[in-house]
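Put together the whole structure using the sequences plus the hints.
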Amino acid sequence: MLKVISPEDALQVILDRFPPCSRRFDSVGIGNACGRVLNTDIVAVEFVPGYNRSTVDGYAVIASDTFGCTSASPALLTLAGEVLMGKAAKRRIVAGTCIAVSTGGDLPDGADAVVMQEYTEEYGNNLIGISVSVAPGNSIIFKGDDLMPGDKILAAGTLLAPHDIGILSALGYDKVGVRRRPVVGVISTGDELVATTSVPQRGQVRDVNTPMIAAAIRSFGAVVKRFGIIEDDKAALQMTLAQAVDECDIVLISGGSSAGTRDVTARVIENLGALLFHGIAMKPGKPTILGDISGKPVFGLPGHPVAAYFVTELFVRPLIDQLMGYPQKRRTVAARICEAVSSNHGRAEYIAVVLEDDDKVARPIRGKSGLIASLANSDGYICIPRDLEGLSKDAEVSVILWA
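Take 31 as the starting number for the sequence shown in this note's numbering and just add one per residue.
Mixed in with the good hints there might be a few duds.
Stated by the list, open to error - Computed list of lysine-lysine pairs in BS3-like fashion (alpha-carbon distance at most 25 Å, straight line):
hint, residue 1, residue 2
1, Lys117, Lys173
2, Lys316, Lys326
3, Lys423, Lys390
4, Lys205, Lys182
5, Lys326, Lys255
6, Lys313, Lys423
7, Lys173, Lys120
8, Lys264, Lys316
Unchecked claim - Ranges of calculated distance between the beta carbons of each label pair, as one might list FRET restraints:
hint, residue 1, residue 2, range
9, Ala433, Asp181, 25 to 35 Å
10, Arg366, Gly167, 46 to 56 Å
11, Ala165, Lys359, 37 to 47 Å
12, Asp424, Gly207, 43 to 53 Å
13, Pro192, Glu386, 31 to 41 Å
14, Tyr203, Met115, 19 to 29 Å
15, Asn62, Thr226, 26 to 36 Å
16, Lys173, Glu277, 45 to 55 Å
17, Gln42, Ala364, 21 to 31 Å
18, Ala272, Ile402, 29 to 39 Å
19, Met178, Pro415, 46 to 56 Å
Derived from the structure by calculation, the hints contain no laboratory data. By construction, the Cβ of each residue, glycine as well, lies at the ideal position given by its N, Cα and C atoms.
Set out below in structure tokens:
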């Protein structure tokens, strides 16, 4: 008989027992930094851009030289030269002159505006007609408009996105410090399991959990190390678990978590460390185990794929987030349930759903915890708290999306 705790208490035990370590970080090239969690604040040490530049193709001018001009009465300015792309402007603008400049080009000293080429006309003999009046600052990005020295650009704990890589590039970063990704070991147990490439004989099933859980762990941002299928043998499991704990930050053992005589996961964890709990008041996933071996979390996941997937999503994912220093927000959608759902188990019940009618309606997917097809094509899940006996048709629900 399992002595269960609530899902809320289980999650609290996990997060309290295994806090993040700020010293765990890597230095990576910015080309590989997208999707990683920044370890330190990024502060600008230079101006971006480093010079005043034009935002259009046209002519750099002194704005007051254009005041009052129209297409019928253009301002006439003498062309005093051209700024080449990638080069500094060599001449200073004086009243009555202009200098040709391209988009992104250096703004000549003395200029305070740029007139778009569309509003100009070449008359020959270096004479340029300006048909529109411009104000100071027109079509210019000034030095430091984007970033100034001392500006805090990115905070520690930021999950780096592609546009963040652009900022780092603009500041001249080649490498950046990021939180180290946890290494998660995955072990599957069971005499009945065969590799996914094998043809199961009667009494055998393919190992669904290892590839499924490994894919989930990678999607959470962690690194996966697979230890294969271990038979229901205490010595073999204990030897593999000891190796996994030595090489990984988290270990997940799929199967062997029930209270049957051949289920050895809990006993093996106790032999190597401490058993923190065995049993969570939830469906699916009641026989879930958590242990601590050498300060590292070891989960005993149910063998049934759906149960294993929910436990990984609900408990392993938040732990990975915490270890990486980036608690990810779960996206939710408010919907109404399209049919009544009974739930009288005294356990929190998690049910996969499909969103329909422009995500306004949630349709529950019926299935037992051993049937992986119940997760196929689902958009997310709902939770019926343990103190409710179910949901009535059209009840408002919050759908937690998978991704």
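Exercise for review: Kindly confirm whether 45 to 55 Å is satisfied by the beta carbon distance between Lys173 and Glu277.
Suggested key: Holds, at about 51 Å.
Exercise for review: Sort out whether Lys423 lies within 25 Å of Lys313, counting only the CA atoms.
Suggested key: Holds: Lys313 and Lys423 sit about 21 Å apart, inside 25 Å.
**Study point:** Cβ distance range 31 to 41 Å for Pro192 and Glu386, holds or violated
**Key:** holds, 33 Å
Check your understanding: Keeping to a limit of 25 Å between CA atoms, is the pair of Lys326 and Lys255 held or broken?
Key -> Roughly 15 Å between the alpha carbons, so the hint for Lys326 and Lys255 holds.
Review point. Is the straight-line distance between the alpha-carbon of Lys264 and that of Lys316 25 Å or less?
Key: holds, 22 Å
Exercise for review: Decide if the proposed pair is consistent with the structure: Lys205 and Lys182, CA atoms, cutoff 25 Å inclusive.
Suggested key: holds, 18 Å
Check your understanding: Is it true that the C-beta distance of Asp424 to Gly207 lies inside 43 to 53 Å, as the hint says?
Key -> holds, 51 Å
Point to revise | Hint consistency between Lys173 and Lys120 [alpha-carbon to alpha-carbon, up to 25 Å] | key: With Cα atoms ~17 Å apart, Lys173 and Lys120 stay inside 25 Å; holds.
Review point. Within 46 to 56 Å or not, the Cβ separation of Arg366 and Gly167?
Key: Holds, at about 53 Å.
Practice item. Take the C-beta atom of Ala272 and the C-beta atom of Ile402, compute their distance, and say whether it sits inside 29 to 39 Å. Key: About 30 Å separates the Cβ atoms of Ala272 and Ile402, which means 29 to 39 Å holds.
Review point. Do the beta carbons of Asn62 and Thr226 sit within 26 to 36 Å of each other?
Key: With a Cβ separation near 30 Å, Asn62 and Thr226 satisfy 26 to 36 Å, so the hint holds.
Practice item. Please test the hint of 21 to 31 Å on the beta carbon pair from Gln42 and Ala364. Key: holds, 26 Å
Consistency note: the structure conflicts with none of the earlier hints.
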